[in-house]
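S.K.: The hints should help you fit chain B onto chain A, whose structure is shown.
Number of protein chains: 2
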Amino acid sequence: MKFLAPLAMAIAFTSLSAPAFAQFQKPEDAIKYRKAAMTVMASHFGRVGAMANGRVPFDAKVAADSSAIVETMSRLPWEAFGPGTDKGGDTRALPAIWTEQAKFKEGADKLQAETAKLSAAAKTGNLDAVKTAFGAVGQTCKACHDAYQKN
Amino acid sequence: MKFLAPLAMAIAFTSLSAPAFAQFQKPEDAIKYRKAAMTVMASHFGRVGAMANGRVPFDAKVAADSSAIVETMSRLPWEAFGPGTDKGGDTRALPAIWTEQAKFKEGADKLQAETAKLSAAAKTGNLDAVKTAFGAVGQTCKACHDAYQKN
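Going down the list, the sequences are from chains A and B. Taking my numbering, I'd label the letters of the first sequence as residues 1 to 151. Taking my numbering, I'd label the letters of the second sequence as residues 1 to 151.
Accuracy of the hints is not assured; some may be wrong.
As the list claims (entries may be wrong) - Under the rule of at most 20 Å between Cα atoms (straight-line distance), these lysine to any residue pairs were calculated in the SDA-like manner:
#1 A/K35 / B/T91
#2 B/K35 / A/E28
#3 A/K35 / B/G89
#4 A/K61 / B/W78
#5 B/K131 / B/Y148
#6 A/K35 / B/K142
#7 A/K35 / B/K131
Claimed, not checked - Coverage of chain B stretches by chain A, computed from C-beta distances (three or more under 8 Å per stretch; other residues unrestricted):
#8 66-80
#9 109-118
For the record, the hints were derived by calculation from the structure and aren't laboratory data. All C-beta atoms, glycine included, are put in the ideal place defined by N, C-alpha and C.
The shape of chain A in the complex, shown without the other chains (with noise of 0.2 Å):
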């Protein structure tokens, strides 16, 4: 019997107990994994964005999934940022993340706050709020990524 020797891994890595980052075996993991919830919410957000600026027709119900899916994204890359986690992958991370812990802690909860708010603008199906919204989680996106991103 053939294994799936990438979820044998992901399964390994979790033989640690209580805290979060024992989610990750190597620092490698923590950065794969964080950068892939990255990638998701940037592409839902994007097509939000598509239909707030105008790109594309509003279609209400691809909004409200898509906003969903960015909201549920938002609270996931932070448990991956544990210590040591600034290196042993392909990260763009800043060391300013490990030494303003308080302030990055500050970020995310504010993204997770703007994309709640965005989700419930997208379920309401009115395209200004969803504007409206949409901007704000771009301000708060923005604001990390000049802090705590290497360009």
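M.R.: Relative to chain A, chain B alone:
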């Protein structure tokens, strides 16, 4: 004002309308997206697996949260296997995906059905139900990976 290149690109990529595949401007973007969704899915599936296999103590909330993410992620990758995405990026997807579209879709549908069962089982907080559903999801992953993923 600095510009969020990846976000701007994500938004620009959605400038075509209608088919889902138009969400991705280049095969590389589709490949990156589907792999990211799989990475997030595998990580959370692994966390449930660690509990199902007794490697870490069962935590009903963690199991429910991770299973819900697995369920959400299981819906995402498929639109990113559009025509022409068999190459153009770093992918282990086999050509059979595009020559056996009906069978591939069957596997994708089955995964979504089984992950919905896993999520429902995890919500009950019953570890035995989680174990059963986890096994069924694992078999579904494996069947598709055996058929459609290069080793």
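S.K.: Hints numbered earlier in the text: which of these fail when held up against the supplied structure?
M.R.: Violated hints: 5, 6, 7, 9; rest satisfied.
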